[in-house]
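Based on these hints, arrange chains B and C on the given structure of chain A.
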Amino acid sequence: MPDLGRYALEVGFAYAATLILLLTLVGITIWRGRRVKRALQAAEGRRHG
Amino acid sequence: MTRIFLRDLRLGVRAGGGFGLGLAFFLIVVVLVPFGIGPETARLGPVAPGILWIGALLACLLSLDRVFALDREDGALDLLATAPVPLEGVALAKAAAHWITTGLPLCLAAPALAVLLALPWPGHLWLAVSLLAGTPALSLIGAFGAALTVGLRRGGLLLSLLVLPLYVPTLIFGADVARRGAEGLSPLVPLALLGAVSLGCLAILPFATSAALRVNLR
Amino acid sequence: MSFSTSFWSLANPARFMSLTARAVPILSVLAGVCLVGGLVWGFFFTPDDYRQGSTVKIIYLHVPAALMAINGWLMMLVASLIWLVRRHHVSALAARAAAPVGVTMTLIALITGAVWGQPMWGTFWAWDPRLTSFLILFLFYLGYMALWAAIDDPDTAADLTSVLCLVGSVFAILSRYAVNFWNQGLHQGASLSLDREKNVADVFYHPLLLSMAGFILLFLALVLAGTRTEIRARRLHALRLRERMA
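Residue numbers (this note's numbering), protein chains in the order written: chain A, 174 to 222; chain B, 123 to 340; chain C, 202 to 447.
Among the hints, erroneous ones may be present.
Claimed, not checked - Some but not every residue of chain C turned toward chain A, in silico, with C-beta under 8 angstroms: (1) 244; (2) 255; (3) 258; (4) 305; (5) 312; (6) 313; (7) 319; (8) 427; (9) 429; (10) 430; (11) 436; (12) 437; (13) 441.
Think of the hints as simulated: they come from the structure by calculation, not from any bench.
For every residue, glycine included, the Cβ atom is placed at its ideal position computed from N, Cα and C.
So here's chain A without its partners, still in its complex pose (with noise of 0.2 angstroms):
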């Protein structure tokens, strides 16, 4: 772990809200897209048998 010196609060709060919202935006794709995903295929199913 670098020395942030005194500016650690800042330079970590920084770091941990970045990482938090990226990775809340790639899960939200994810789970969007697979549950789209899932009812489409539900729906062709039904379509086709």
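What follows is chains B and C alone, placed relative to chain A:
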């Protein structure tokens, strides 16, 4: 086009058209401000131009959802779209009528209300001038927002979310004209920019408005 | 096959799906490598700036996020134009998919900017022209996304949001200059600007480049994945309508 303009004007002035509503709202905002920030003249004076501009902007916003919504409900908008007038002209006439019924009264009332907020003297004149130059832009932008949301049942809130960010340049230049006027500086530079914004809106936005209307009438 | 024909062939949804099915995983992995590499390099292995101390490390987040916040809007603008002119559905859906990514990038840029401003300016929020412009950009993104969400018919929504994006772009640029005028006119050079790019030494520059590449790749991967989802959602919408008719 003139007919549409006059018809809208009559509808706006008639009872239930919301003609006085915007003005009353403006008055209430101005009255409420001193309650919020204190009655001292020294404190009210410097913020008066900004408060009056924001008040005018919100009062303008208040009557926007009527610009096209009523005509859509009774089918008049479909008739206008098939009329031999270009839809851009209709959009322009509508925006002009909105300006006459809300923007112009605001310009005239603002200097009087500025007295309540202890605006220093030459500021009254410049406030009126800045509103006169800026409110057409507010009406034109507002008509564009109203055209975007005309098909929605609960478009009012969305309309403010869409329109308010577009008001930023007008507000900045307009309030700056009034502030510089009140401080005794020359307000000509922001006034020229404000006029440029208004003229730019006048040139471009009727086309965007009519494009949005066409999509919504499809 | 020249570039232009291969680009326009993406307008075919089936072709877009099959191509991006391969591209998204590759892009994601590359984005992950660059991001982790750039940020770890920047966070652990760069010295502190003699003036800004360790806060200089925020640059590896702030600058790339700000870059993608603006480029995200630019991409939406181009995609909207393509939709309005050539009526390719994929394009409209790509614009829609770019908005949530762009708004997140704007938020990151704002938060990291505010956190950086606290020790440097002594306040979390200064109405610095750049920060203010980003706040306005954030509002534009919100309005754009709200309009997409509010309209049921996909084609109407695509048309209206495209028009909004065009008009919004003009006003966003106008606001940028208005904000500049507004603050400079009042306090002559009172605030420090975030303009640090000019005096960034090589030690900071290389990890910054890597981190930027990571953000760009991440943006691309997320937008493509989002577009895939939107294409599927649209097909689903159509199928459901057909089921209801039957």
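Identify every previously stated hint that the structure contradicts and give their numbers, smallest first.
The structure conflicts with no hint, since it agrees with every one listed earlier.
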